[in-house]
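Number of protein chains: 2
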Amino acid sequence: MDALFDRHQPTLAAALKAVQDRGYWSAYPEIPSGKIYGEIAKDDGLASFNLRLGKHFDLPGHPEKSGVGSEVSPYGTTLEITYPAADADTLVAASRAAAPGWAASSIETRVGICIEVLARLNRISFEMANAIMHTTGQAFAMAFQAGGPHAQDRGLEAVAYAFAEMTRTPAEAVWSKLQGKAEPIILEKHWRTVPRGISLVIGCQTFPTWNSYPGLFASLATGNTLIVKPHPGAILPLAMTVAVIRQVLGEEGFDQNIVLLAADGSGAEITRDLVENDAVSIIDYTGSSAFGAWVRANAGEAQVYTEEAGVNSIVIAATDDFAGMCSNIAFSLSLYSGQMCTAPQNVYVPSSGIETDEGHKSFDDVAENIAASIDALLADPVRAAGVCGAIANPATLARVAAAQTLGRLVRASAPIEAQNARTATPLILAVDSEETDVHEQEYFGPITFIVAVASSTDGIAQAAALARSKGAITAALYDTDEGRIDSAVDAFATAGVNLSINLTGGIYVNQSAAFSDFHVTGANPAGNASLTDTAFVANRFRTVMWRRPKAA
Amino acid sequence: MDALFDRHQPTLAAALKAVQDRGYWSAYPEIPSGKIYGEIAKDDGLASFNLRLGKHFDLPGHPEKSGVGSEVSPYGTTLEITYPAADADTLVAASRAAAPGWAASSIETRVGICIEVLARLNRISFEMANAIMHTTGQAFAMAFQAGGPHAQDRGLEAVAYAFAEMTRTPAEAVWSKLQGKAEPIILEKHWRTVPRGISLVIGCQTFPTWNSYPGLFASLATGNTLIVKPHPGAILPLAMTVAVIRQVLGEEGFDQNIVLLAADGSGAEITRDLVENDAVSIIDYTGSSAFGAWVRANAGEAQVYTEEAGVNSIVIAATDDFAGMCSNIAFSLSLYSGQMCTAPQNVYVPSSGIETDEGHKSFDDVAENIAASIDALLADPVRAAGVCGAIANPATLARVAAAQTLGRLVRASAPIEAQNARTATPLILAVDSEETDVHEQEYFGPITFIVAVASSTDGIAQAAALARSKGAITAALYDTDEGRIDSAVDAFATAGVNLSINLTGGIYVNQSAAFSDFHVTGANPAGNASLTDTAFVANRFRTVMWRRPKAA
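Chains as they are written, first to last, in the working numbering: chain A, 22 to 573; chain B, 22 to 573.
Be aware that one or more of the hints could be misleading.
Identical copies carry no separate label here, and so any pair may be met within one copy or between two of them.
[To be verified] Derived BS3-like pairs (lysine-lysine); straight-line CA-CA distance at most 25 Å:
no.	residue 1	residue 2
1	LYS86	LYS76
2	LYS38	LYS198
3	LYS202	LYS56
4	LYS202	LYS491
5	LYS76	LYS38
6	LYS491	LYS63
7	LYS63	LYS76
8	LYS202	LYS571
9	LYS56	LYS76
10	LYS571	LYS198
11	LYS491	LYS571
12	LYS38	LYS86
Calculated directly from the structure, the hints in this document are not laboratory data.
Being a predicted model, the structure only gives us computed values, none of them experimental.
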């Protein structure tokens, strides 16, 4: 049974070393290259995806009372895939029935299965890229990376943390207490891990795999059964994931219902029924703060791990690479049309302008140069489509349209030419923080405020305060004054937000690397958990002992 | 500032090794011996305790709007000590004001201070023993051990876990990602831990230090400020603790209000106000399940760690040491008059009796021999007082009186002769599980049910089911059949309860040793946390990063 563990032991060992070192490491190549994945992998992946369209997604043995599914690609086509669906009570009953066998399996068996699943998911990364692209609207290259290898890396990271934690203390020990001149008392003690119960994973539409894999694999590795609840607009990526897990579970002799898909339709979601079910012991949630608050309030005794929303900020105090800064920010604002949880919304700039390697730049200079950098980045429609992708949800387009009047227009949003897709390039607005606080709420999508502040110190204070009150997942600072940088480091740390300083070139504030960056701190309202730290895994299982006098 | 860390580094290192090995280890000697603590330590401790009686307990610089305190010793005397008291908002405001300096201190500074505090608490163990004795009713020897060195060990264990977790990953790393033929992207990354905020510790009357120290020291070591809310009947032990912490904090140049005492009076408790205050981010609670449920439901976004109540069971299937078994059980039932959270309440015995080294014993033989062993143990009133101590709460005496008719009387409870104290020896009742389920609720105090079951397998099933539904902190089994023992191990593990097998001689199911036994599993309703595992410390702080391109 532990052949899989033995096979994947080198990968596990490397992952354990990577999370300890926190330098760059990846288990699954991020480049969609035929040399790595096979020359026909890209065509095969597309063909496999196309074969799923218009059909029922079969999950043999899965509870199924009806079929649901109405996914429409942001690139225009209707997927016409239906998925097996059942009510919450049916899913919970099937999950409970599958639980004892999984709980009784060894740590090595479960971890081996998890890494085998990740390896198989890696092999279908091209098919997954198409599934991600046509549910989230991500451009193909990003869909491949973020939905495939990067998500798999995040899954492996969670498995490594779970393994480390389950094996941190010994499974047995001898306790020998001296008793003066009398015989010592000697006990043998034995410990085992027991799972919490049913783990519910609630996925989001924009990153259905990347954001779901950590909780999913952490719970699976620690012996819990899983109910995976995808967003109604992005079922396919998680259905494919569930199918792979069920396949491996079946091959290894386990009840496939250890992992279930909770597909539902928009307007008829079963999420609340699942959250409120007392048998659900763990909930991983990615999504809006409004529904996140409901989940936290209604989860009963379940452990809840959330990534919700916030307002991410950039503060520009000074730079010694003005062009590089503007290009870097332009890319961060454009990538996936601001639909990343890590995308900046507010750019705080002193109203008196900043000092740069190109001399003094006024507030307007800064705003216009960022806008011009976006224009340059997106001038070629093919490249624009590759950077911006498409808009996942029609409501985001409406939000962009409604936002146009919230400030002074610096750059208008526009569709990307020659696309059938639902697209929108970044809208850039200028506002003055002394006149408005409109920018202090979240506008999800390609909407950016260049915010005039009294000074860079004021900008840091405002950005940090906003992170504390509304939440933030990322912050960025451009500055040349080391003393002010030190103060900003303290301010953003106190606000519980990860800070990137002076990024230029090919690395962006949006990016969060598995095995190195903890994603979300859990220290402000943007989420209560971090991907992946010990706290994310340590309470998904409990430890139980038996002890007896040791035979001499 | 880190002189304390350097001084106590050997203790920390030994504690870290002990929690890894999980064999016997203790930092603070449990024997109240003059050879260890100094020949005059016992007299000094009593004198210091007596000096506190009838006076105001001074905490210089502590918020104080009034004085409260009406502790009455279970041994008869009124302590007549008053403590500084303030409303919840005042305490919270003082705690918030003290927070930034503590949050900014280094891990080493905080851990050094924590271990210095524990060392000083150890030096006043005799005074603490008197304080514990005259608030909880524990006999002196137990008050010394459990309230002094054992509590200190549990505190050190929590500090060690907190230190291990805060230093698990590096404080900085270099992330270098190759870019084909282009220059690699190199980032320097820096991480720091940030505390959650205010940590509220809600103590219980019976073990005010032992049960409070883990959460208290875990939160303090991780940089949170503390509000310590004692039970109105057992303020002194925690007031002394707070005083020692404030003394060390003051000496080290910190705001003493990093640790506050939330003393209140019975009937005018401020616990609810504190729990409901949004600034409280962590709550450690020990007490009844009823109030525990209220705390869990009303804690908002605070992390809540509880030890609540349950029904602990012994199952007797067979034994090869009948006399040793009966003596061992007799001691477990008598120790501190059943007021330990680890004390057994139900003893399941097959109605057809059991096989022993003394031949077949009927159900009544077993019940009567346990009762006779108690009689023998408690025959000498001085020894009886030393084992049973006194009854902390008058309601427990009333409960014993009311319980007498709940089953067939096997042994009557009685006061201990020649005592001015509020005392009660164990009440033993026989019931048949086919006729009643009266034993399936908790009767806190010296109340035991010998429960007739169809078979030992039935007894194991009933005890495990009860642990699952009502909670249990301990379980014990006597058996000679290894196959049945294996099944029982599985049954109790699934019920999330620690199991002791075939204990005879000087080790008891009630005992839980720091650095080896995880106390409470968190896997059944008796509590949601474990003293001390990683989950108990890992979410008391969060990790925040800053990163920037690394200069070449």
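Status of the hints after comparison with the structure:
Taking the shortest Cα distances, LYS86 and LYS76 sit within 25 Å of each other inside one copy (17 Å), while across copies they are farther apart (72 Å). For the homomeric pair LYS38 and LYS198, the shortest alpha-carbon distance between copies (17 Å) is at most 25 Å, but the shortest distance inside one copy (36 Å) is not. In this assembly of identical chains, the alpha carbons of LYS202 and LYS56 lie at most 25 Å apart only when taken from different copies (17 Å versus 72 Å within one copy). Proximity of LYS202 and LYS491 under a CA criterion of 25 Å is satisfied in neither setting, with 64 Å inside one chain copy and 42 Å between copies.
In this assembly of identical chains, the alpha carbons of LYS76 and LYS38 never lie at most 25 Å apart, being 43 Å within a copy and 58 Å across copies at closest. With identical chains, the CA atoms of LYS491 and LYS63 are never at most 25 Å apart, being 42 Å at best within one copy and 56 Å at best between copies. In this homomeric assembly, LYS63 and LYS76 come within 25 Å of each other (Cα to Cα) only inside a single copy, at 22 Å, whereas the closest approach across copies is 82 Å. Only within a single protomer do LYS202 and LYS571 lie at most 25 Å apart by alpha-carbon distance; the minimum there is 19 Å, versus 63 Å between protomers.
Neither within a single protomer nor between protomers do LYS56 and LYS76 lie at most 25 Å apart by alpha-carbon distance, with minima of 32 Å and 82 Å respectively. For the homomeric pair LYS571 and LYS198, the shortest alpha-carbon distance inside one copy (12 Å) is at most 25 Å, but the shortest distance between copies (53 Å) is not. In the homo-oligomer, the alpha carbons of LYS491 and LYS571 never lie at most 25 Å apart, since the shortest distance is 56 Å inside one protomer and 31 Å across protomers. Neither within a single protomer nor between protomers do LYS38 and LYS86 lie at most 25 Å apart by alpha-carbon distance, with minima of 45 Å and 54 Å respectively.
The structure fails to meet hints 4, 5, 6, 9, 11, 12 from the earlier list, while all remaining hints are met.
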